[in-house]
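Sequences and hints are given; from them, build the entire structure.
Okay, here's what each chain looks like letter by letter:
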Amino acid sequence: MTMSEFFIRNIWLIILLPAIGAVVLHFVGRRIGEPIAGWVASSMIGLSFLIGLIAAIPLFQGTAEAHVVHVFDWIPALGASAELLWDPLSALMVLVVSGVGALIHIYSIGYMHGDERFTRFFVYLNLFATSMLTLVLANNFGVLFVGWELVGLCSYLLISFWYVRPSAAAAGKKAFIVNRIGDFGFLIGLMIIFSTFGTLSYTTVLNDPGKLLGAGAATAVGLLLLVGATGKSAQLPLYVWLPDAMEGPTPVSALIHAATMVTAGVFMIARTSSIYALSDTASVVVATIGALTAFYAATIAMAQTDIKRILAYSTISQLGYMFLGVGSAAYVAGVFHLMTHAFFKALLFLGAGAVIHGMADEQDIMKMGGLWSKMKTTGITMAVATLAISGIPPFAGFWSKDEILASTFGRGGWWVVLWAIGLITAGLTAFYMTRWFVLTFLGEPRWDDGVHPHEAPKVMTVPLMVLAALATVGGLINTPFRAGLEHFLEPSFEHLTSGPSGATVWLLAAISVVVALIGIVVAWRLYSRRDAAEEAWTAGLPSLWRRMGHAYYVDDVYGTLVVAPGKLLAAWSAFVLDKKVIDGAVIGVGTVVRRIGAALRPLQNGFVRSYALSIAAGVVGLVIWFLATGGL
Amino acid sequence: MTVTAGWYMTLAAVLFGIGAVGILVRRNAVVMFMCIELMLNAVNLTFIAAGQELRDLTGQLAVFFVLVVAAAEVVVGLAIIVAVFRNSETASVDEFNELKG
Amino acid sequence: MTELVLFYLFGSLAIVGALSVVLAKNPVRSAMGLILTMLSLAVFYVVQSAYFVAAVQVIVYAGAVMTLFLFVIMLIGVDRSEDLKEHIPWQRPLMFVLGFVVLGGVVAVIVGNEWSWVTGISNLAEAPVGSAEAIGEGLFTNWVLPFEATSLLLIVAAVGAIALAYFPAKRKERE
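Residue numbers (this note's numbering), protein chains in the order written: chain A, 1 to 632; chain B, 1001 to 1101; chain C, 2001 to 2175.
By construction, these hints were calculated from the structure, which means they are not laboratory data. Owing to the predicted nature of the structure, the values given are computational and were not obtained by experimental measurement. Each residue gets a CB set at the ideal place from its N, CA and C atoms; glycine is no exception. Among the clues, some could well be false.
To be verified - Sample of chain A residues lacking proximity to chain B, with all beta carbon distances greater than 12 Å (derived): (1) 10; (2) 30; (3) 57; (4) 65; (5) 170; (6) 192; (7) 211; (8) 295; (9) 416; (10) 443; (11) 457; (12) 490; (13) 565; (14) 567; (15) 620; (16) 629.
Said to hold, decoys possible - To give an idea of the chain C side of the interface with chain B (calculated C-beta under 7 Å), a few residues: (17) 2003; (18) 2008; (19) 2021; (20) 2022; (21) 2041; (22) 2043; (23) 2045; (24) 2050; (25) 2065; (26) 2068; (27) 2076; (28) 2089; (29) 2136; (30) 2138; (31) 2160.
What follows is the structure in structure tokens.
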């Protein structure tokens, strides 16, 4: 058989290689030391990428159908065996995850240089790669959920990597717990699926689910799965963990919280597209939440001053776009934006990491400025990324974002409202990203004394350049001229809606470009000035700006409404329920036994005659009984 | 009225009851022992009467054995009583209540 | 007729003897009462044709065993007084109750003429005569095993008694 066929048959190799990397590095990592440990980890995920590429060749040629590879039986009762699915959607996800992941692994060799837990970092990174690849290659909801939870675990491990910092540890906990809340809805959705179909396997559930799933149940499932997706992909109202997750090292932010893990929710909705196609209500809800989140997060991003927090809220916002895409049944557009976003957001984070690295761990953009001359490569790549995310052609973001907006507009009615929200958000995106870029790289230097900004080493800048190239040309795989990606993904989505075509598309594109340009120009004018850092233009609405800066105090609200009662419940359980009731019951048993013993002890008084009395009483009793019941 | 076996058994029951009460009431060890002997005698009478009633010699043989065993028991029991009460002032069994709980 | 008279006479004597065992303050009186009871019972055995057993009763029981009792009483029981107050709670009341229950049962049998409670089926064969030959015949054929066992028991008892007497228990000094 050909190499492609071989790798398709053994597609589990993709998952196994990073797993081996994690295990090996766990045991001998310390001895290998840096930087070899880093190269080992990077090669593992790089190999996964290569295998994925080779295995995808038949899919590129359009000759292959979806392959199901059975690895071993796992839980037959649930219809969940260790089965992997190789179809265009999973192939695309594998390539994005392993490709961008490999670049980030290489970058981390430079970024984590000198850290005393260097090898442990790569163990976790490889473990994450394993988990994410499991998630995307799954052929049933059971394996999907395993991957889902594992990426959650890795996220926790990596966010609180520098666990000595209390804020980092707290952020890790927050991420995991908020995720879990989403998982609750996810699990209930899976239970409904199982009770309807009797199995969790995609082949049964996702092929024409309408036979068994009524519209009401489909809506319920869709909404419940959405709850899980909002947790994992940081949408309203479960997005609060993502900004705090910036406590983790920057490569972590790039890999997990920009390019891959947070896209799991989008992927999951795309994968279950046949269920969402049955319920308009659920799809509308998905799209609406996406659009609102996009707008909401964009407003917050405008008022942040931490270089990574701006990008975090930007991620939330762009994820909202993806949800808008898959919600409006433009699954290809949503997944397309997932891909391009991976490119430019990873690029942005890695660049931010380079800046932080060069600025001796300074993260406040108000203390930057004028870095263009000091960090040329980084500056150029960041400029590319900013243009890409703002949606300026021919960079990648323009094509994907516009496809989403066009599809949304094309559905009419309420969808036009969502389109308008998306359009305004595009303007805001361009605004805050330009602000980000200008305050960091341009203008007069504002940094503290003793800080000597310098360019990052090659091992960090080369991935930047690769990603910049991807962010430039990556969008060209799916343009109105040649819808390459759409054809590629067609087998995975039976319910592609064709968006508007022809003149409408170009008109909408032109409108969005104009809006983006307005955003860029306004930000440029406001922040290129000498007194940019004071942000004097906000003096007009100080309270609103303050609220935006504090993310509308949502964390405090959650703290009072959710966390405090939770803590009360925990304290009550620990000190009342556990100590008094449960311990009391256990100890009480002992006390009861002791009391009974003490009560019975006087019977043994040592007097022979009273023992004789007992015997006599027994005998009399027996005799009476015998006489009464008619003898022996 | 003829004297039937039942009469003897009634007498034996009364004697047995008196013996049982005696054990429960008296504190002198030797007297308690004698009450036990009284009970054994009552049982012997029952055996003989029953043997007559059922026309079987086994009743008398049983008495024989009871007699022998009672004799042996008296030997050992009195030896114990002598050994235990040799050095005590009273012959009361209530003295020896050290095995209480 | 004779039997009736004998029954009433020696029955009363037996009960008198029994009551004196229980009620007499002096242990010697108790022993005398017991002897009286035993002799009365021997009479009953004779009346019921258990000659051998009656003889053994007088010789062994009333003769040897009671003599032993008197020895021991002399050794330890005569001049020691007994405390009349009852220390154990519930002893007296419960004892009375039990006594009455048993007595009540007996009375019920007598009054209700329910001899079937006490006797059982009546066989109509020849009444056995408990002569020496008859006893011996039964003893050495059907009942030889219990016979041997009881002889063993006697040996053990004798040895035990000697052992108990030979090794006096060391009692600690009493206040």
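Here's how the hints hold up against the structure:
{"no.": "1", "hint": "10", "in the structure": "holds (75 Å)"}
{"no.": "2", "hint": "30", "in the structure": "holds (64 Å)"}
{"no.": "3", "hint": "57", "in the structure": "holds (88 Å)"}
{"no.": "4", "hint": "65", "in the structure": "holds (84 Å)"}
{"no.": "5", "hint": "170", "in the structure": "holds (59 Å)"}
{"no.": "6", "hint": "192", "in the structure": "holds (63 Å)"}
{"no.": "7", "hint": "211", "in the structure": "holds (76 Å)"}
{"no.": "8", "hint": "295", "in the structure": "holds (81 Å)"}
{"no.": "9", "hint": "416", "in the structure": "holds (91 Å)"}
{"no.": "10", "hint": "443", "in the structure": "holds (93 Å)"}
{"no.": "11", "hint": "457", "in the structure": "holds (84 Å)"}
{"no.": "12", "hint": "490", "in the structure": "holds (88 Å)"}
{"no.": "13", "hint": "565", "in the structure": "holds (53 Å)"}
{"no.": "14", "hint": "567", "in the structure": "holds (51 Å)"}
{"no.": "15", "hint": "620", "in the structure": "violated (9 Å)"}
{"no.": "16", "hint": "629", "in the structure": "holds (20 Å)"}
{"no.": "17", "hint": "2003", "in the structure": "holds (5 Å)"}
{"no.": "18", "hint": "2008", "in the structure": "violated (9 Å)"}
{"no.": "19", "hint": "2021", "in the structure": "holds (6 Å)"}
{"no.": "20", "hint": "2022", "in the structure": "holds (4 Å)"}
{"no.": "21", "hint": "2041", "in the structure": "holds (6 Å)"}
{"no.": "22", "hint": "2043", "in the structure": "violated (11 Å)"}
{"no.": "23", "hint": "2045", "in the structure": "holds (6 Å)"}
{"no.": "24", "hint": "2050", "in the structure": "holds (5 Å)"}
{"no.": "25", "hint": "2065", "in the structure": "holds (5 Å)"}
{"no.": "26", "hint": "2068", "in the structure": "holds (6 Å)"}
{"no.": "27", "hint": "2076", "in the structure": "holds (5 Å)"}
{"no.": "28", "hint": "2089", "in the structure": "violated (13 Å)"}
{"no.": "29", "hint": "2136", "in the structure": "violated (10 Å)"}
{"no.": "30", "hint": "2138", "in the structure": "holds (5 Å)"}
{"no.": "31", "hint": "2160", "in the structure": "holds (5 Å)"}
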